[in-house]
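J.: Here is how the chains run, residue by residue.
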Amino acid sequence: MSTEITTPITQTEYTKEKKVGEGTYAVVYLGTKQSTGRQIAVKEIKTSEFKDGLDMSAIREVKYLQEIQHDNVIELVDIFMAYDNLNLVLEFLPSDLEVIIKDRSILFTPADIKSWMLMTLRGVHHCHRNFILHRDLKPNNLLLSPDGVIKVADFGLARAVPSPHEMLTSNVVTRWYRAPELLFGAKHYTSAIDIWSVGVIFAELMLRIPYLPGQNDIDQMEVTFRALGTPTDKEWPEVSSFGSYNKLQIYPPPSIDELRKRFIAASENALNFMCGMLTMNPKKRWNAIECLESEYFKEMPPPSDPSEIKIK
Amino acid sequence: MSNPIVMHDEVPVETTSVDLTTGPEETTPDATIDDEEENIEDNKPPNYKRISDDDLYRHSSQYRFWSFSKERLREKRVNTNKIAADTIYKNILDFKNQQDLTQEQLDVLDARTQPLSVDDELKLINFYAKKVQVISQHLNLPTEIIATSISFFKKFFLENSVMQYDPKSLVHTTIFLACKAENYFISVDSFAKKAKPNREAILKYEFKLLESLKFSLLIHHPYKPLHGFFLDIQNVLHGKVDLNYMGQTYDKCKKKITEAILTDVVYLFTPPQITLAILMIEDEALITKYLELKFSVNSEKKNNDTISFSTLLTIINDCKSFIQEEKSVSTDDARKIAAQNFFCQNPMDLIQRMKRKQPEEETTASPEKKPRVA
Chain A
108 MSTEITTPIT QTEYTKEKKV GEGTYAVVYL GTKQSTGRQI AVKEIKTSEF KDGLDMSAIR
168 EVKYLQEIQH DNVIELVDIF MAYDNLNLVL EFLPSDLEVI IKDRSILFTP ADIKSWMLMT
228 LRGVHHCHRN FILHRDLKPN NLLLSPDGVI KVADFGLARA VPSPHEMLTS NVVTRWYRAP
288 ELLFGAKHYT SAIDIWSVGV IFAELMLRIP YLPGQNDIDQ MEVTFRALGT PTDKEWPEVS
348 SFGSYNKLQI YPPPSIDELR KRFIAASENA LNFMCGMLTM NPKKRWNAIE CLESEYFKEM
408 PPPSDPSEIK IK
Chain B
5 MSNPIVMHDE VPVETTSVDL TTGPEETTPD ATIDDEEENI EDNKPPNYKR ISDDDLYRHS
65 SQYRFWSFSK ERLREKRVNT NKIAADTIYK NILDFKNQQD LTQEQLDVLD ARTQPLSVDD
125 ELKLINFYAK KVQVISQHLN LPTEIIATSI SFFKKFFLEN SVMQYDPKSL VHTTIFLACK
185 AENYFISVDS FAKKAKPNRE AILKYEFKLL ESLKFSLLIH HPYKPLHGFF LDIQNVLHGK
245 VDLNYMGQTY DKCKKKITEA ILTDVVYLFT PPQITLAILM IEDEALITKY LELKFSVNSE
305 KKNNDTISFS TLLTIINDCK SFIQEEKSVS TDDARKIAAQ NFFCQNPMDL IQRMKRKQPE
365 EETTASPEKK PRVA
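Protein sequence lines, in the order shown, are assigned to chains A and B. First residue of the first sequence: 108, per the working numbering; consecutive thereafter. First residue of the second sequence: 5, per the working numbering; consecutive thereafter.
Treat the hints as calculated values from the structure; they're not laboratory data. Fair warning: there could be bad hints in the mix.
Stated by the list, open to error - EDC-like mimics (lysine to aspartate or glutamate), calculated; alpha carbons at most 16 Å apart, straight line:
{"hint": "1", "chain 1": "B", "residue 1": "K208", "chain 2": "A", "residue 2": "D191"}
{"hint": "2", "chain 1": "A", "residue 1": "K125", "chain 2": "A", "residue 2": "E198"}
{"hint": "3", "chain 1": "A", "residue 1": "K126", "chain 2": "A", "residue 2": "E151"}
{"hint": "4", "chain 1": "A", "residue 1": "K153", "chain 2": "A", "residue 2": "D191"}
{"hint": "5", "chain 1": "B", "residue 1": "K331", "chain 2": "B", "residue 2": "D123"}
{"hint": "6", "chain 1": "B", "residue 1": "K218", "chain 2": "A", "residue 2": "D185"}
{"hint": "7", "chain 1": "B", "residue 1": "K172", "chain 2": "B", "residue 2": "E210"}
{"hint": "8", "chain 1": "A", "residue 1": "K158", "chain 2": "B", "residue 2": "D193"}
{"hint": "9", "chain 1": "B", "residue 1": "K80", "chain 2": "B", "residue 2": "D268"}
{"hint": "10", "chain 1": "B", "residue 1": "K359", "chain 2": "B", "residue 2": "D111"}
{"hint": "11", "chain 1": "A", "residue 1": "K158", "chain 2": "B", "residue 2": "E204"}
{"hint": "12", "chain 1": "A", "residue 1": "K158", "chain 2": "B", "residue 2": "E210"}
{"hint": "13", "chain 1": "A", "residue 1": "K391", "chain 2": "A", "residue 2": "E342"}
{"hint": "14", "chain 1": "B", "residue 1": "K197", "chain 2": "A", "residue 2": "D159"}
{"hint": "15", "chain 1": "A", "residue 1": "K354", "chain 2": "A", "residue 2": "D324"}
{"hint": "16", "chain 1": "B", "residue 1": "K260", "chain 2": "B", "residue 2": "D287"}
{"hint": "17", "chain 1": "B", "residue 1": "K260", "chain 2": "B", "residue 2": "E329"}
{"hint": "18", "chain 1": "A", "residue 1": "K390", "chain 2": "A", "residue 2": "E345"}
{"hint": "19", "chain 1": "B", "residue 1": "K212", "chain 2": "A", "residue 2": "D191"}
{"hint": "20", "chain 1": "B", "residue 1": "K208", "chain 2": "A", "residue 2": "D159"}
{"hint": "21", "chain 1": "B", "residue 1": "K135", "chain 2": "B", "residue 2": "D337"}
{"hint": "22", "chain 1": "B", "residue 1": "K331", "chain 2": "B", "residue 2": "D268"}
{"hint": "23", "chain 1": "B", "residue 1": "K260", "chain 2": "B", "residue 2": "E330"}
{"hint": "24", "chain 1": "B", "residue 1": "K228", "chain 2": "A", "residue 2": "E273"}
{"hint": "25", "chain 1": "A", "residue 1": "K354", "chain 2": "A", "residue 2": "E329"}
{"hint": "26", "chain 1": "B", "residue 1": "K228", "chain 2": "B", "residue 2": "D57"}
{"hint": "27", "chain 1": "B", "residue 1": "K135", "chain 2": "B", "residue 2": "D170"}
Bear in mind that the values here come from a model prediction, so they are computed numbers and not experimental data.
All chains, full assembly: derive it from the sequences and hints.
T.: Take a look at the structure:
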């Protein structure tokens, strides 16, 4: 079995060589694990923000990454404390899907997209079968290893799959990737919110521009429903009882022809797969298993070998 | 984690018999087509393995870091105790050498500054674990968070001795961290307002606690299996059980689970095993009948993962006796042990107290700075 994270606080074991990113609660450095020479990333949690002790995002990240060992989820290598700062040692992942989507010099094929979707969904499925919701899936959080493997990262917003009557905050997920039940401010939701995000990411990979780029929370509903149709009580019982429903413009769902026009390169199975993930009613939306079993993954072309996708 | 086990799905399409991602209300996918499944079975890639619920549990940090055999558990306690006791012996020896002590003082020192035994230490830990429960109940925390607090506290003192860290100073820290770990955020200031210690005291050992927990914050308690078993019992014994009675039994079991979390069963058994033991204590006839029915149905399906009825019963009964044998620690006992713990760390206090009380007869065991246990 795996060895546990060792307690000796060997800060000298890990060097921080270059600052590669800064978020609201952490600074990320590129470094080396001295004993093995392995490249690693060190996420240093800012202590100045610690007025309530250890930061909640850091606690969530530690809590969930400790439970997940999967090829498609970022590896938590070690944790140490140095100068009153909590440091998470993570595997080094040089790129992410956002960078790749935005870099016009990179060309990728439908088979590459399929490979990325497959790896993403395997990672998401593993989270879900461990009863963990990610709650912030977006291209920027789908990192790529040097050999092209997708790793789901950033568990700072993750939580356990809630019990049936648990009340939750709907203020999760970066706006463009937010499922309709979250836009409506639902007090309870399920792993279906992550699948919606994957659906939006899939669309973005095909279009190479954000699919549902709302300017603000109100506009996000407008943009989402204009593209995919406003849900009605028929397909989603009691959707009209959400407070914000009445102010909505009712758009019809897009016809298959409209979708074909928007996603020119997509096969029927690819469109079906996307629509499964972008189903308005969270109960009818495909779950990770349904997605993985989709015809899309069985038809030609087969998913690219990750190490052969040219991203540089 | 230098050598982590990686769960690798060798096939893109992994069909699981149970859909773990959805609740009982939601239907399992109907997309699984029989002949397709056959197809996969036929073309199994080299390392194909279907991941079971047990496999998932074995990957949890609870199983990897916090599940032990009885022997290993005892060994851990002996080891933690020994490290602290050795320091105490050394300190007392140094103290004796530095001070100019009378024979009488030396005798008292020898009698009163012995390090705690493993069993005394355990009594003190259990006494304070109960305090953690009472205080978190006072704070009106949800059941699962109370359980997590108790669990954090007990684990801290599996790794550290009460002779190194005053258990009293960890009580609020564990409750505070448990709230955060369970996504039940209370700011330290409002927490300090409700609880006695100030924020510095609450936060002082927070990282030490996290480290002692081996950064393992997700705890699988038996409450979820309890819910699951109750749904299944009502299903299997449909029409044969009174729903009112079942509701009452459920509530009683929930309370008993929290009591069980105070014992060692959490290290020795899995959450569903603990749940079954509790159910067995609560209504043996009902659970026996339920299990018999389950096994009679399952015996037709040959499955390598399932265990025999008799093996399961042995495990449940073993677990049951652990829960039933647990005795609570009296305040008197705890006070005596706490006094010993105080003096073995502060021999000077004992000597000074002797000097002051020289003419009087010693009546109580309570030291000058009486270690409060309440």
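J.: None of the hints should be skipped; say for each whether it holds.
T.: The hints, checked one at a time:
1. B:K208 to A:D191: Answer holds: B:K208 to A:D191 is near 11 Å, not above 16 Å.
2. A:K125 to A:E198: holds (15 Å)
3. A:K126 to A:E151: holds (10 Å)
4. A:K153 to A:D191: The given pair, whose Cα atoms are some 9 Å apart, holds under the 16 Å limit.
5. B:K331 to B:D123: holds (13 Å)
6. B:K218 to A:D185: Cα-Cα ~10 Å, so holds.
7. B:K172 to B:E210: Since the Cα atoms of B:K172 and B:E210 sit roughly 14 Å apart, the hinted pair holds (cutoff 16 Å).
8. A:K158 to B:D193: holds (9 Å)
9. B:K80 to B:D268: holds (13 Å)
10. B:K359 to B:D111: With a Cα-Cα distance of about 14 Å, the restraint between B:K359 and B:D111 holds, given a limit of 16 Å.
11. A:K158 to B:E204: Judged against 16 Å, a Cα distance of about 10 Å means the pair holds.
12. A:K158 to B:E210: Roughly 13 Å between the alpha carbons, so the hint for A:K158 and B:E210 holds.
13. A:K391 to A:E342: holds (9 Å)
14. B:K197 to A:D159: Answer holds: B:K197 to A:D159 is near 14 Å, not above 16 Å.
15. A:K354 to A:D324: holds (13 Å)
16. B:K260 to B:D287: This hinted pair holds, its Cα atoms lying about 13 Å apart.
17. B:K260 to B:E329: This hinted pair holds, its Cα atoms lying about 14 Å apart.
18. A:K390 to A:E345: holds (13 Å)
19. B:K212 to A:D191: Roughly 11 Å between the alpha carbons, so the hint for B:K212 and A:D191 holds.
20. B:K208 to A:D159: Roughly 11 Å separates the two Cα atoms, so the pair holds.
21. B:K135 to B:D337: Holds: B:K135 and B:D337 sit about 15 Å apart, inside 16 Å.
22. B:K331 to B:D268: Judged against 16 Å, a Cα distance of about 12 Å means the pair holds.
23. B:K260 to B:E330: Roughly 12 Å between the alpha carbons, so the hint for B:K260 and B:E330 holds.
24. B:K228 to A:E273: Holds: B:K228 and A:E273 sit about 14 Å apart, inside 16 Å.
25. A:K354 to A:E329: holds (10 Å)
26. B:K228 to B:D57: Judged against 16 Å, a Cα distance of about 14 Å means the pair holds.
27. B:K135 to B:D170: holds (14 Å)
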